[in-house]
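Peer 1: Sequence:
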Amino acid sequence: SRGDLIGSAAACTGKIFTESDAEVSEAIDFTEFYPYSAYGFDGLKGTKCSGKGVGLVISPWNFPIAIPCGGIAASLAAGNTVILKPASFAVPTAWQLCMAFWKAGVSKNVLQFLPCDGETKGAKLASHKDIDFVIFTGSTDTALKIMERRPNLFLAAETGGKNATIVTSMSDRDQAVKNILHSAYSNSGQKCSATSLLILEKEVYEDESFKKHLIDAAESYPVGSPWNFENKMGTLIQPPKGVLRKAVEELEPGELWALKPRYVQDNNYMLTPGIKWGVQPGSFTHMTEFFGPLIGVMCAKDIDHAVELVNETGYGLTSGLESLDKREQKRFTEGIKAGNLYINRGTTGAIVLRQPFGGMGKSAIGGGIKAGGLNYVSQFMNFEEISYPVAGAIQEESSMMQLIRDWRLKLIGKKFAGFETDIKMTIRAVMSYLFWAEQEFLVKKDYFHIPGQDNIVLYLPAGRIVVRIHKDDTLFDILARAAAAKISGCKLTISTPVDLENEKVDFLLGREPERLVANSEIVRQSDEELIKMMPEIQRIRYGAPDRVPVEVFKEAARAGFYISRTKVMMEGRIELLQYIQEQSICINYHRYGNLGERAFD
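If you count the sequence shown from 1, position 522 lands on 524 in this note's numbering, and the numbers rise without skipping.
Please note that a few of the clues may not be correct.
Pair ranges (Cβ atoms, derived) [claimed, not checked]:
1) 208 <-> 268: 32 to 40 Å
2) 114 <-> 174: 45 to 53 Å
3) 114 <-> 218: 47 to 55 Å
4) 217 <-> 401: 32 to 40 Å
5) 528 <-> 208: 37 to 45 Å
6) 83 <-> 314: 41 to 49 Å
7) 52 <-> 107: 18 to 26 Å
Worth flagging that the hints you see were computed from the coordinates, not collected in a lab. By construction, the Cβ of each residue, glycine as well, lies at the ideal position given by its N, Cα and C atoms.
Work the whole structure out from these sequences, hints included.
Peer 2: Shown next, in the form of structure tokens:
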């Protein structure tokens with residue numbers, strides 16, 4: 003029941019009741035939403051979907067209810083069996099959750115509960131050959147260790163975050179203080195989405211009134227037992243150690259304590275909020291994630307400088323902006339490299355479908371598909387095409403449309419001897435890609451239209467993507483991947499092995515695909531040369547899992563680099579997911595309930 007889960011979370015992790023209550027609601031959303039989203043893929047004509055097999059959900063202690071529930075629900079909805087390996091600190095809560103699934107009718111043969119030590123037995127479990135995929139939430143270092151033990155493992159990992167809130171001179175400063183404190187100190191700062199970096203424009207940084215307001219508000223936060231409902235912060239999961247202990251005990255050059263954290267009643271599980279002032283670019287506090295109630299404050303010349311400071315961390319989970327200026331909001335959304343952007347509100351508390359959750363850079367390992375979004379379950383499905391996809395009318399004229407019209411005429415004239423089937427499949431694929439690009443991947447959507455708040459879900463091109471050719475690739479495999487990358491807006495490089503000579507490569511280098519690969523780079527390179535390119539590119543797209551060399555897998559695992567290797571599909575709703583990065587933007591545009599010029603939207 004809701005009460006059992008909330009009480010268990012308080013007892014195990016020190017989480018206050020209001021935080022856990024919201025988690026239970028999110029868990030319910032997951033169990034209702036993921037089956038719904040799975041039906042969307044199951045209903046694609048010409049495509050048959052099935053589960054990948056056995057999924058392992060490795061869940062964290064800081065969200066002991068919602069995150070394991072989301073992993074279980076997504077895996078089951080996709081048609082898999084599931085093993086839940088919870089964090090050691092949150093085993094009783096995970097047990098309560100599994101009992102709820104079993105009571106609802108899920109078989110214990112389908113969902114199994116396996117608490118164990120993460121460093122030893124958990125590591126062996128994740129690398130076991132019978133595990134088909136892993137859903138992991140935790141630190142970036144742990145995710146990389148999982149990948150290194152089994153480099154070809156399919157891992158969907160939501161990892162750490164060094165999240166920042168920017169406050170400009172054009173902000174409502176009272177509102178900013180409220181949002182900053184909620185973002186930084188909810189669950190004692192033990193959220194991957196928590197704000198731990200506060201970047202103030204120079205005018206705000208030098209505003210003594212703002213500084214005093216921030217300090218007074220943080221100092222007033224009651225800290226103590228989660229069983230005392232007056233407390234806004236509960237206990238830490240464990241006494242500070244490692245980077246958190248260093249952060250709360252030491253200052254670097256230029257830093258000073260605006261508000262020094264202290265232990266309540268000498269209990270090192272109860273730490274009051276802390277604020278470090280004068281954090282310098284490139285410093286430990288600027289670049290390091292620490293899981294605790296501590297903010298590092300930096301000074302920026304302007305919004306552009308602030309965006310640079312945020313991106314320098316290499317993380318990209320959440321980021322916030324406090325500004326009423328639409329020009330600054332535009333520069334923020336276009337410049338910040340993060341999965342979830344928030345404007346004039348807190349950086350935590352993503353809601354299923356309204357703000358699908360997941361990061362970029364060091365904050366995610368995998369395909370960049372967000373939890374709580376329409377595409378999440380697709381990662382845990384296998385797809386097989388049993389007929390041509392069905393695409394609707396395409397509205398926009400393009401060079402791709404002209405190309406496939408020309409190829410249709412040439413097919414009639416029998417100009418593609420030996421490649422007729424591949425060209426037919428490519429034509430159908432491009433039609434499907436163009437249709438879904440117009441309907442889904444190149445448009446911004448708001449599924450809720452809440453008065454006072456925009457919730458924009460959009461897709462960004464994955465960046466520079468390498469389509470790697472293999473001797474077993476069909477001509478369709480080559481052309482379809484190139485077309486999908488171009489239609490998605492990626493910068494395309496087609497890479498072929500140095501010694502590969504066949505009629506498919508000859509076709510690619512001929513005149514027919516010129517419009518398809520226009521402004522793209524075609525290179526011949528060894529696997530070693532391809533590996534050296536990884537720091538300069540965002541993704542490598544292979545045509546099938548068995549075509550990825552072991553050494554490429556190993557190097558990708560060491561770097562947390564995503565190798566896309568699903569079977570190439572004609573169905574654009576599925577194939578284009580390999581070339582994009584999801585992003586969510588939430589903007590509070592109301593002013594204390596007043597909608598202003600948008601009242602009549």
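Peer 1: Evaluate each hint against the coordinates.
Peer 2: Tested hints:
no.: 1; hint: 208 <-> 268: 32 to 40 Å; in the structure: holds (36 Å)
no.: 2; hint: 114 <-> 174: 45 to 53 Å; in the structure: holds (50 Å)
no.: 3; hint: 114 <-> 218: 47 to 55 Å; in the structure: holds (50 Å)
no.: 4; hint: 217 <-> 401: 32 to 40 Å; in the structure: violated (59 Å)
no.: 5; hint: 528 <-> 208: 37 to 45 Å; in the structure: violated (56 Å)
no.: 6; hint: 83 <-> 314: 41 to 49 Å; in the structure: holds (43 Å)
no.: 7; hint: 52 <-> 107: 18 to 26 Å; in the structure: holds (21 Å)
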